[in-house]
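Asker: Given the sequences, and given the hints that come with them, work out the whole structure.
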Amino acid sequence: MSGKLKIHVDQEKCQGHARCKSLAPELFELDEFGNAHEIGDGSVPKGLEDKAWLAKANCPEFAIDVTED
Amino acid sequence: MSSHAPVTDWVHDFDHTDPRWTENPFPIWDELRAESPVVHTNRFLGCYLPTTYEAVREIAHDTEHFSSRRVIVRDVRPEATGVAPPITSDPPEHKPAKQLLLPPFTPDAMKKLEPRVRAICNELIDEFIADGKCDAAARYTKHIPVRAIAHMLGIPEKDSDLFIKWIHEILELGIMDDDALMRAVHEMTGYFAGHIEHRKKHPTDDLISTLMNARDKSGQPLSDTHVLGSLRLLLIAGIDTTWSAIGASLWHLAKTPADRARLIAEPELMPTAVEELLRAYSPVTMAREVMKETVVSGCPVKPGNMVLLSFPAANRDPAMFPDADKVVIDRKENRHAAFGLGIHRCVGSNLARMEMTVAIQEWLKRIPDFRLDPAGRVTWSEGTVRGPRQLPMLFGKAG
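Top line first, the protein sequences correspond to chains R and U. According to my numbering, numbering within the first sequence proceeds without interruption in unit steps and concludes at 88. According to my numbering, numbering within the second sequence proceeds without interruption in unit steps and concludes at 410.
There are no misleading hints in this set.
Derived coverage of chain R by chain U (criterion: at least 3 residues anywhere in the stretch with Cβ under 8 Å from a Cβ of chain U; other residues may be distant):
hint: 1; stretch: 30 to 41
hint: 2; stretch: 50 to 60
hint: 3; stretch: 78 to 86
Since the hints were made in silico from the structure, they are not lab data. Where a beta carbon is used, it is the ideal one built from N, C-alpha and C, also for glycine.
Answerer: Rendered as structure tokens:
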């Protein structure tokens with residue numbers, strides 16, 4: 020059984036490809052330079068788990084971590 | 012067009028200006044990849060080519076051993092090639108130069124530009140739709156990015172032909188002809204210097220003024236050389252790259268009715284399809300210069316050589332992408348490197364995506380059925396940026 024998911028964008032790795040924001044705008048936002056970070060504390064609301072995994076799988080910089088509580 | 016000797020041994024003597032590479036590079040990359048993650052040629056005064064996604068990724072992330080001071084692989088390596096920050100910058104100069112350019116190119120900023128791009132597409136289609144056919148490269152894809160970037164920079168859209176001429180001279184002729192390259196750089200510099208001068212008396216609200224008003228960390232305005240270099244970069248990088256990406260997308264859709272029908276039936280698939288078209292037909296190959304000896308994917312790499320940093324070849328690596336040689340418009344996992352990897356990620360990636368999306372959407376709305384004209388010939392550009400330069404199409408159902 021899977022627990023609650025949490026996402027995190029590594030600011031050292033993110034280069035602003037913005038793929039996560041395009042695929043999961045509910046979970047990621049961009050700063051003024053277009054670099055991404057997770058919204059709030061990165062907790063993934065129920066029903067958005069697939070989007071979290073999809074964002075991770077499309078990040079060209081391998082900057083997104085998805086962890087299970 | 013190439014004046015180089017034809018290639019007989021791709022593995023030890025590759026040449027990205029060979030007509031066979033220009034026409035169909037994919038089997039060549041597969042052959043080289045099967046041989047080694049990094050291959051070398053003595054052409055271009057010595058040059059490596061990473062052939063796998065992993066090798067390309069390693070080099071793109073390694074700014075210690077690989078410099079961006081030269082970003083085009085050419086026959087010559089003259090001392091003073093025009094700097095165009097941030098693309099020709101290495102750390103630590105790179106980051107501040109890039110941060111100046113990033114805010115005008117965020118996805119939100121692109122949303123504001125989108126209506127103008129949609130209008131440009133329709134103005135272009137109006138000019139040829141009644142003919143029932145067109146050269147889509149000459150009449151459509153070529154004009155969209157140049158007009159969009161002119162609009163952003165605040166320079167007249169009607170100067171487009173001039174920009175396209177410079178870009179051809181720099182990116183294609185310039186590989187072998189240094190005079191052509193220098194002449195084009197000189198003309199561009201003069202052109203932009205005039206626009207900068209004008210804005211000193213008549214300030215505007217465009218990208219040229221943004222750069223003129225930018226201040227560095229110590230509060231000083233950027234040097235004229237920096238501003239002019241960045242303006243040249245935006246024009247060069249923003250035009251034939253996206254021209255190529257839109258052209259290759261329409262070329263694919265012209266010969267793949269099933270994908271066309273699916274995109275019309277499922278418009279929500281467009282963002283995923285655009286990423287896949289970017290992967291399969293990535294237009295841009297960059298370059299690095301080896302500064303220090305190192306090892307890439309187990310292969311020794313020596314200073315004095317250039318590196319042809321082929322993001323397009325990386326994107327065809329089957330170790331990274333299952334069915335790498337197939338266009339799968341609903342591909343779920345797609346970490347493609349079409350816009351580069353690491354600190355030099357293309358500053359205009361959000362602009363390019365928006366232009367591609369809008370250009371394909373508007374074309375499909377007005378011309379849902381089209382195919383390659385069997386009486387014509389598709390030709391591809393040579394060298395650093397690959398895309399259709401002649402793309403003859405017939406409209407309507409095949410009858």
